[in-house]
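Student: For this one, chain A is given, so just place chain B on it according to the hints.
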Amino acid sequence: NAGVTQTPKFQVLKTGQSMTLQCAQDMNHNSMYWYRQDPGMGLRLIYYSASEGTTDKGEVPNGYNVSRLNKREFSLRLESAAPSQTSVYFCASTVSGRAGTQYFGPGTRLLVL
Amino acid sequence: QKEVEQDPGPLSVPEGAIVSLNCTYSNSAFQYFMWYRQYSRKGPELLMYTYSSGNKEDGRFTAQVDKSSKYISLFIRDSQPSDSATYLCATLEETSGSRLTFGEGTQLTVNP
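One line per chain: the protein sequences are A and B, in this order.
Residues in the first sequence are numbered from 1 upward in steps of one, following the numbering used here.
Residues in the second sequence are numbered from 1 upward in steps of one, following the numbering used here.
Bound-form chain A, shown alone:
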């Protein structure tokens, strides 16, 4: 039981490049989330998916898109990376109705030059 996995662990991009961050969970959770964590700002919600087939914007969605591929997988795409998107990205998941009990992945460190 791997829990929540994220790939890649670390990535360097140039401004304007695109990339997709992958997240998968094997806990049969319905709800999945993408956060970014920055010094002085804490964890901020980018997008979430309450259930398969639905996605909603969080606090900081601009510059990102998401895809809930199936119940297990939730990807985050940066279409044209900007230095302001340099951050640590975390994926999380939980059972529906238990939003307070989220299980986090190990994170992806992204540096945009």
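It should be emphasised that the hints constitute simulated quantities derived from the structure, not laboratory data.
Yeah, the Cβ is synthetic: ideal placement off N, Cα and C, and Gly gets one too.
You may find that some hints are simply not true.
Derived CB-CB ranges, DEER-like [claimed, not checked]: (1) B:3 / A:56: 14 to 24 Å; (2) B:68 / A:38: 28 to 38 Å; (3) B:67 / A:69: 32 to 42 Å; (4) A:97 / B:28: 20 to 30 Å.
Tutor: The following block gives chain B in isolation, referenced to the frame of chain A:
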């Protein structure tokens, strides 16, 4: 103004000390309160979960919520070097759907 305020520290204490970590929040609609622990270069993990005002104890950890003053606390008794981590408070409004609001996190170091 952030909805959840937390002193980022850093906080450094000797082993065995009692640690007090605190958050304040502004939205009176918040009903659920959590503490997450995050070790360096890892994802956060849920430590404590409370609903409404009062205390909840789990081993060396006690979570306290005072809704009248909008104040959340986490106490760690007999602190250990393995408690060295960043502690994030989080709140949840029932009508928000699935959206947690996190504090910035307090970095704690327990020195042997």
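Student: Taking the hints in turn, state whether each one holds.
Tutor: Each hint tested on the structure:
1. B:3 / A:56: 14 to 24 Å: Cβ of residue 3 of chain B to Cβ of residue 56 of chain A: about 18 Å, so the range 14 to 24 Å holds.
2. B:68 / A:38: 28 to 38 Å: Between residue 68 of chain B and residue 38 of chain A, where Cβ atoms are some 32 Å apart, the hint holds.
3. B:67 / A:69: 32 to 42 Å: holds (40 Å)
4. A:97 / B:28: 20 to 30 Å: Given range 20 to 30 Å: holds, Cβ gap about 22 Å.
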